[in-house]
Amino acid sequence: MSNEAATATTTAEAVPAAEPLPHGLGASLPAADSRAKTEGTFPYAADLWAEGLLWAAVLRSPHPHARIVSIDTSHAREMPGVRAVVTHEDVPGSPLHGRGKADRPVFASDVVRHHGESIAAVAADHPDTARMAAAAVIVEYEVLDPVTDPEQAFEAEPLHPDGNLIRHIPLRHGDPDAAGEVVVEGLYRIGRQDPAPIGAEAGLAVPRPDGGVELYLASTDPHTDRDRAAACFGLEPERVKVVVTGVPGATADREDQGFQLPLGLLALKTGCPVKLTATREESFLGHTHRHPTLLRYRHHADAEGKLVKVEAQILLDAGAYADTSAQALAAAVAFACGPYVVPNAFIEGWAVRTNNPPSGHVRGEGAMQVCAAYEAQMDKLAKKLGIEPAEVRLRNVMATGDVLPTGQTVTCPAPVAELLQAVRDFPLPKLPKDAPEDEWLLPGGPEGAGEPGAVRRGVGYGLGMVHMLGAEGADEVSTATVKVQDGVATVLCAAVETGQGFTTLARQIVQETLGIDEVHVAPVDTDQPPAGAGCRGRHTWVSGGAVERAAKMVRTQLLQPLAHKFGMSTELLQITDGKITSYDGVLSTTVTEALDGKELWATAQCRPHPTEPLDGAGQGDAFVGLAFCAIRAVVDVDIEIGSVRVVELAVAQDVGRVLNPTQLAARIEAGVTQGVGIALTENLRTPRGVIRHPDLTGYALPTALDAPDIRIVKLVEERDVVAPFGAKAVSAVPVVASPAAIASAVRAATGRPVNRLPIRPQAAVVTGQ
Amino acid sequence: MPPSGPPSSGPAKMCQSCHVRPVGTYRTATQAGPGGQREGAAGLTTHAPQAAQAVTLPATLDEAVAALTAMPAAVPVAGGTDLMTAVNSGQLRPAALVGLGRISEIRGWQYQDGHALLGAGLTHARMGRPDFAALIPALAAASRAAGPPHIRNAGTLGGNIATAAPTGDALPVLAALEATLIIAGPGGARREIPVSHLLAGVELLRAGELIGYVRVPLLHAPQVFLKATGRTGPGRAVASVALVLDPARRGVRCAVGAIAPMPLRPLEAEQWVAQLIDWDNNRAIVPEALTAFGEYVAAACIPDAPPAEDGSVPQLPPAVLHLRRTVAALARRALGRALS
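So the protein lines, in turn, are chains C and R. Here the first sequence is numbered in my numbering, starting from 1 and rising by one per residue. Here the second sequence is numbered in my numbering, starting from 1001 and rising by one per residue.
A few of these clues could be false.
Derived DEER-like restraints, expressed as beta-carbon distance ranges [unchecked claim]: (1) R:Arg1102 x C:Glu39: 43 to 49 Å; (2) R:Thr1163 x C:Ser94: 44 to 50 Å; (3) R:Asn1282 x C:Pro427: 49 to 55 Å.
Away from chain R, derived, C-beta distances all over 12 Å, residues of chain C [what the hints assert, rightly or not]: (4) Leu442; (5) Ala700; (6) Leu701; (7) Asp706; (8) Pro761.
Listed below are several chain C residues computed to face chain R (Cβ distance under 8 Å; list not exhaustive) [claimed, not checked]: (9) Arg131; (10) Leu385; (11) Gly386; (12) Ser582; (13) Glu640; (14) Asn683; (15) His693; (16) Thr697; (17) Pro702; (18) Asp709; (19) Ile712; (20) Gln762.
Just so you know, the hints here were simulated from the structure itself, not pulled from any lab data. Just so you know, even glycine gets a beta-carbon here, dropped at the ideal spot from N, CA and C.
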């Protein structure tokens, strides 16, 4: 808090007489913590310290599938400096935990089901000692054959008492006998993306005098993490407190409970604060990944290119534990046809258990994998019919009032055609031929091997859609409190700022509603009422909505006495720049005067309209709202070596309403760049279930040179009437559409099918010319 | 346990920079934190330094050799870009370090009868600059491609050789240049070994020895280094080709990196293509020869699988075929650029 306050003051002092700082909704309010983050003084979870703390280390399984014969911790316990060793025998409460379903052991007891599963944890007085002690725990394994091919999971022996099938959705919509004049088929594979947060997992557990424990974590869903931790510790939720520290990057459920729980257990056992900072390798082994997916598609269309029927089979590799795979599968099946009107759809989706690392929520999950496949199918259809790829898409796009294959009518704005036309008509980037040749940035990069004669340019399109908020009946509620005192407003809301900009948005909302410029957002802990997980645009919608309602209640409390005194309704009074004026200008006072030393508090909740689970045929109104985006990719491909450089991505997005233009652009740019990673380089390879190269050399993230020019061509502001402020989620949908657009562009440049992401160089090579 | 570090300013100081309330109020343990507590949140590292670690910082090559001889368990460290990764991941726990960063004699270069004597402590960043590029263009190009700026600022030529990673970018260039290493040994001894001997393990560094200098011929002719990577930004080479022309001896020398544990020299392809070049006429060559050279190099470096018992030649896996195609394209482009 001190940092944020200090930054705010210095900024205010630095520009005393200049233009007023941007405030309110629609302004590009800068983030309060941006300065501390830029200067490197912003404290993240790895920076925390407590006097006399111990260091933890977790022993992880080197095998993807093995039976544990014995665990001998005696050597580790006897090492000097070691204070405690915990295994499955030391878990006082529930031995299982898990996001979607409690099917994952805190520590493996009899079987390990994936490479990197936690087996024991050590607390020692030095991190090196802790690591050495963890390595000194002797585990005898009986190595079993891993099931790593999801197609074999159906037939394989159950890997878990819950069985290998995590969810099956057989979606049936329309006439199964419908057939089109043109049929295109394809088989597609999507690799395993790691969220690879810039800061690896870290945490500090501090025992409380009452026998409880406080966990200082970079959690994105503190209340759920607390409840699960309390269940495993055998404590009431009130005696476990999660304090959210600075979050170093979260494009997924960033935290790995497999280390939060050992941390708390060790603190409870030793009575000392315990800290753990994961190495990059542990980070790759610990947290969940994007679902590797196998998709088989058949599209039927008439001679004009109008879609008649889509048949698809979607197989999600959930890894060893269920996590949120059931939700990812629902999104994959529901959006399997994309933002196109498809009268008849037959989609079978499965999420199956394997001995691969667990998959979970990474933004755009489910929707991203199917987007790559259905857009490839649209390209095939265009090629077969001899129609322009953009044109065949335009003939099929969805609009408000159309029906999804789940039977749900699209009631929110769906300006898909407008988005596609905007990116299609945007001028193409120029060829670099007029610039000096040594300034060209060819595929392979500067000092690379690129040769202009071997480079081909391609243009491709991707149309993506995602749902906002949790689906299928999830209770998406958030609570916020707004306090006003001495002309300063404070927001208390357990919505975690992950870098997505929630605190900035909360300040804007309060500025807009109360006319008070100085707004602080309190740090988050679980003593506040829950606000839920930060994903799928939840916080803009529900937490933003709750903040607005609370601010409006404070406004009424503030203005009611004045309005009463002057015999007018509160609507006739307005607050700007800390001054209250009436519509006729008779009344003019300041907020500070009106407060008269009082403190005003109000708490409000926001709960969107309920949804229902998909039924046995995959039908149901499962989603609260949808967001769309169109991306046109321009790529250069070195057709001899197969290296690809994305030159430009033109984005048109359905955003509902722009609340903060700078922040919005940053979210789109970040999402698109993550998509470039999926399309070209990011694939966590796990031959026989073992993660190869769990480091940032082997797992190549996009660098500044890989990030293309990102042109935000159009932001369609058609307000979604059911959403607070009419705004839609913006972060996930560019992740969904950009890989499909890049693959489409590589297809156009090379004529190769490109049916696998990330695109391997050998798939982008043109031979025998 | 290790004594604590510099006088502790106490955890209260730490917590001033935390936006959570001070966690130090819970005095549940009495012993001091190991490794000492340093000021500022940013000063906290995951891997607290081992207090007992000895670090020597010699000022000359002979002092460094003496320090290594005196403590055989010590590990020399120059840029540390490879060594510290191993230390941080826990794979290496050096008992002591001999830092080579203060040896000014190996951080520059000098000229010696038609050769350049490069100090092993030259950083990639230094070698990438235009004055160096005018001397040994291929080594400069390899240095510029050797990683992101912070790696190039720290990583050194000697470190690249000593690590001998298959993807070391300087290695194919040194192999193509037929560079010689000057090894400093105990008592001021100096011996020379060809770089390929060290990389192939024919000759090894003995205890207490350090790579002091690298002698490279100055050829005054075009040189090319080309590298194929997985992304546009800096990345490890999938394959790289270094090609240098030696007009005085009318030779072409080429080395292929990253596809084998050490750089490969396609000697027959070099000799074959050298005869096809019209050295007196602007080094002209027919375009078909470029393509043939590329394929010759690729086939020499990535040979076909040996024929099976029934005489059929098994197909190479697609990934290997692609690697061969990549090497062929790189070699063809490299020769084309060198002769253009």
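These are the hints, each one checked on the structure:
1. R:Arg1102 x C:Glu39: 43 to 49 Å: 30 Å, violated
2. R:Thr1163 x C:Ser94: 44 to 50 Å: Holds - the Cβ-Cβ distance for Thr1163 of chain R and Ser94 of chain C, about 48 Å, lies within 44 to 50 Å.
3. R:Asn1282 x C:Pro427: 49 to 55 Å: 43 Å, violated
4. Leu442: Violated, since 9 Å does not exceed 12 Å.
5. Ala700: Non-interface label on Ala700 of chain C violated, nearest chain R Cβ at 5 Å vs cutoff 12 Å.
6. Leu701: The claim breaks: Leu701 of chain C does not keep its Cβ more than 12 Å from every Cβ of chain R (closest is about 9 Å).
7. Asp706: The claim breaks: Asp706 of chain C does not keep its Cβ more than 12 Å from every Cβ of chain R (closest is about 5 Å).
8. Pro761: Incorrect as stated: the minimum Cβ-Cβ distance to chain R is 6 Å, not above 12 Å.
9. Arg131: Result: holds, 6 Å to nearest chain R Cβ.
10. Leu385: Result: violated, 31 Å to nearest chain R Cβ.
11. Gly386: Result: violated, 31 Å to nearest chain R Cβ.
12. Ser582: With a minimum Cβ separation of about 40 Å from chain R (threshold 8 Å), the hint on Ser582 of chain C is violated.
13. Glu640: 4 Å, holds
14. Asn683: This hint is violated: Asn683 of chain C lies away from chain R, its Cβ roughly 10 Å from the closest one there, beyond 8 Å.
15. His693: 10 Å, violated
16. Thr697: 6 Å, holds
17. Pro702: Since the shortest Cβ distance to chain R is 7 Å, the answer is holds.
18. Asp709: 13 Å, violated
19. Ile712: Nearest chain R Cβ about 22 Å off; hint violated.
20. Gln762: Given a least distance of 4 Å, the restraint on Gln762 of chain C holds.
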